[in-house]
Amino acid sequence: MSGITLPSTATSAVAPAVPAPVRKSRRRRHDWTGLVYVAPALVLVVGFFLVPLCMTAWMSLHNWPLMGNPRWIGTANYKALWSDYNFWNALLFTLRYTVAATAGLMLVGLALALLVEKPRRMAGFYRTAFFMPVVIGFASASLLWAWLSNVDSGLFSALAQAFGLTEGRVNLLATFEPAFWSVTIMVIWKMAGFYMVILMSGLQAIPPDYLEAARIDGAGFLQRFRHITLPLIRRPFALALILCVSGSMLAFDHFYIILAGGPQNRTITAVYWIFNQSFVSFRLGYGAALSMVLLAILVVLSVIQLRLLRDREDAR
Amino acid sequence: MTRAAEPSLPDRARPRRSGIPLHAALFHLTAAVVAALFLAPIVLVVLASLRPASEAGAPPLPPWPTTGLSTESYGRLEAFGDGLLHYAGNSLFVALGTTILTILVSVLAGYGFSRFRFPMKKLAFVLILSTIMIPFQSILTPLFLILAKLGLQNTLTGLILLYATLQLPFSVFMMRNAFDAVPKEIEEAARVDGVTGLRMLVFVMGPLILPGIVSVGLFAFLNAWNEFLAALVLLTDQSRYTLPVLMNAVRSGRYGAVDWGAVQAGVTVMMIPCLLLFLTLQRFYIRGLTAGAVK
Chain R
1 MSGITLPSTA
11 TSAVAPAVPA
21 PVRKSRRRRH
31 DWTGLVYVAP
41 ALVLVVGFFL
51 VPLCMTAWMS
61 LHNWPLMGNP
71 RWIGTANYKA
81 LWSDYNFWNA
91 LLFTLRYTVA
101 ATAGLMLVGL
111 ALALLVEKPR
121 RMAGFYRTAF
131 FMPVVIGFAS
141 ASLLWAWLSN
151 VDSGLFSALA
161 QAFGLTEGRV
171 NLLATFEPAF
181 WSVTIMVIWK
191 MAGFYMVILM
201 SGLQAIPPDY
211 LEAARIDGAG
221 FLQRFRHITL
231 PLIRRPFALA
241 LILCVSGSML
251 AFDHFYIILA
261 GGPQNRTITA
271 VYWIFNQSFV
281 SFRLGYGAAL
291 SMVLLAILVV
301 LSVIQLRLLR
311 DREDAR
Chain Y
317 MTRAAEPSLP
327 DRARPRRSGI
337 PLHAALFHLT
347 AAVVAALFLA
357 PIVLVVLASL
367 RPASEAGAPP
377 LPPWPTTGLS
387 TESYGRLEAF
397 GDGLLHYAGN
407 SLFVALGTTI
417 LTILVSVLAG
427 YGFSRFRFPM
437 KKLAFVLILS
447 TIMIPFQSIL
457 TPLFLILAKL
467 GLQNTLTGLI
477 LLYATLQLPF
487 SVFMMRNAFD
497 AVPKEIEEAA
507 RVDGVTGLRM
517 LVFVMGPLIL
527 PGIVSVGLFA
537 FLNAWNEFLA
547 ALVLLTDQSR
557 YTLPVLMNAV
567 RSGRYGAVDW
577 GAVQAGVTVM
587 MIPCLLLFLT
597 LQRFYIRGLT
607 AGAVK
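Protein sequences, first through last, are from chains R and Y. Quick note on numbering: my numbering labels position 164 of the first sequence as 164, and the sequence is numbered without any gaps. To convert, take the position in the second sequence, counting from 1, and add 316; that gives my numbering.
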């Protein structure tokens, strides 16, 4: 087992474009051949992505039950959504979770990356160990955590009792705060390795001379980190941030499996609420309207993040 | 210049060199403790799944079986519904189907995008890539209706079509780059020898783009094997369940009681293929991750 090593070509993964002269010579002969090769991918993307996307918009303007005929109701779904207390609550909770998970993941991911970034003995082994939870699925990790957090058969309560931290067994999943943090810590455990790899690709691209020069000039570790490392890993950091925020905004599996939305229905995420409306209450049109709103929020969030980072780049 | 100056600065270099053992020990200590924390839940659940039924409901202290190894938890899972092997078969069918379909479609598309010019090529490429920005969670309802129209609701085939589509932006991008990296001369030489069309793709290009194919296939397999939400929504018949959906049902319990031993066994069965695949094909996994990320 060699452990995780980043390919040296990581930064130049985008291969140069095909030279133009060769293309020109083939243009006349194979005008449509290329399209034939690409067709299966296009059929899948159009059939299972573009059409459903347009349908979502169309359905959101209807009262669309599972059985029976859909009825055009214009923007009534969006008006109902405006005063849907549960949806905005779910969205607020999702935002709160996104902030907590993103902060935790960026911090832990960066700490792990700094720890094992240099090619030391055993570094590959440690990287692999940190990365292992990433490859098991969210469902597996959630089921595993549901067991560990369980009051009767799990580890955490029993461990806390054994160490004398709590009197008797405390049910972690019965009240909001411990339940929320238990799930958030699970996500950090599961995904930190992923962000470690992304941030590591940035750290390893920093020329060692820069840090060495700063060291010789008498800059301490924190100064070097603040003024050299951080600015130079801005790009991978931005990428990690966008992936993390959009991933967290779509959280469903772990809150559904571990908490089933409880305690007191306070951990229902946005996707969970859409799932409930669409596939439990079968209000398909209304679920589509909720989806459109979530989609818009995600697009806006991505644009804001991209803009913020680009601006900072320009300012430099 | 700094290099030349180094020997003349022994006082600066020496303290650092003598500090290395302590520094290294500290590094290994920290890294080992953190690694243990990250691995502990995985090791714990595998060990706990091997406890006999009498212990299965107790907290894992100590985590290892104290009264001998036992596969009773797996046995109870085999007795659940159509049996563990049936559901593992469903999952394997979906994962392998997704892998094969993703590889086929993305290799063809990658070849087309890399080597040909055709009308609306740019638009087609952007269309395929841009789907990565649309979360599939937001189009689940119409997907449900479309699959129903095609007579594919509640089928594993429908799930395969959906999963393969979700893999396409990443996979087509990877394969396009893999083909772009193959020198034109190789194709020209093969063409002079009379190789054309699909034979060119399979026998000449195939071996050269194999690393890309492995990356694409690996991600397709792992994502399909682990996917939960779409499977939960689209599969309504219990005998069609994939492992994640089945295990969610097991974890919800029957008559209020949850068989944690069976949950541990199921989690182990779900995890092991992922861990083994990752450990053997790690290079391809990381390559795919960084290539996808740099984009």
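Simulated from the structure, these hints should not be mistaken for lab results. It is possible that part of the hints are untrue.
Stated by the list, open to error - Within a straight-line C-alpha distance of at most 20 Å, the following computed DMTMM-like cross-link-like pairs (lysine to aspartate or glutamate) qualify:
hint : chain 1 : residue 1 : chain 2 : residue 2
1    : Y       : K437      : R       : D31
2    : R       : K118      : R       : D31
3    : Y       : K438      : Y       : E394
4    : R       : K79       : R       : E212
5    : Y       : K465      : Y       : D553
6    : Y       : K500      : R       : E212
7    : Y       : K438      : R       : E212
8    : Y       : K437      : Y       : D398
Stated by the list, open to error - Quick look at which bits of chain R chain Y covers, simulated, 3 or more residues with Cβ under 8 Å:
hint : segment
9    : 47-61
10   : 79-85
11   : 108-122
12   : 173-183
13   : 221-232
14   : 273-285
Just so you know, these numbers come straight off a predicted model, no measurement behind them. Each residue gets a CB set at the ideal place from its N, CA and C atoms; glycine is no exception.
Three residues or more, CB to CB closer than 8 Å: is that satisfied between the segment 79-85 of chain R and chain Y? n = 0 at 8 Å, threshold three: violated.
Given the hinted pair K500 of chain Y and E212 of chain R, is their alpha-carbon gap at most 20 Å? At roughly 43 Å apart (the allowed maximum being 20 Å), E212 of chain R and K500 of chain Y break the hint.
CA of K437 of chain Y to CA of D398 of chain Y, is that 20 Å or under? violated, 48 Å
When I compare C-beta atoms, does the segment 47-61 of chain R have three or more residues closer than 8 Å to chain Y? This one holds; 10 residues, not fewer than the three required, reach chain Y with a Cβ under 8 Å.
Next pair to validate is K438 of chain Y with E394 of chain Y; report whether the Cα-Cα distance is within 20 Å. violated, 51 Å
Mind checking the alpha carbons of K79 of chain R and E212 of chain R for me, to see if they're no more than 20 Å apart? Given that 20 Å is the threshold and the Cα spacing comes to 60 Å, the pair is violated.
8 Å C-beta criterion, at least three residues: is the segment 108-122 of chain R covered by chain Y: Since 5 is at least three, the answer is holds.
Is the straight-line distance between the alpha-carbon of K437 of chain Y and that of D31 of chain R 20 Å or less? Satisfied, since the Cα-Cα distance of roughly 11 Å is no more than 20 Å.
Agreement of K118 of chain R and D31 of chain R with the hint, judged by alpha carbon distance not exceeding 20 Å: The hint is violated at about 50 Å.
For a C-alpha distance cap of 20 Å, please report whether K465 of chain Y and D553 of chain Y respect it. Judged against 20 Å, a Cα distance of about 18 Å means the pair holds.
Do the alpha carbons of K438 of chain Y and E212 of chain R lie within 20 Å of each other, as the hint requires? Since the Cα atoms of K438 of chain Y and E212 of chain R sit roughly 45 Å apart, the hinted pair is violated (cutoff 20 Å).
Please check whether the segment 221-232 of chain R has three or more residues whose CB lies within less than 8 Å of a CB on chain Y. Contact hint for the segment 221-232 of chain R vs chain Y: violated, 0 residues under 8 Å.
The structure is inconsistent with the numbered hints 2, 3, 4, 6, 7, 8, 10, 12 and 13, although it conforms to all the rest.
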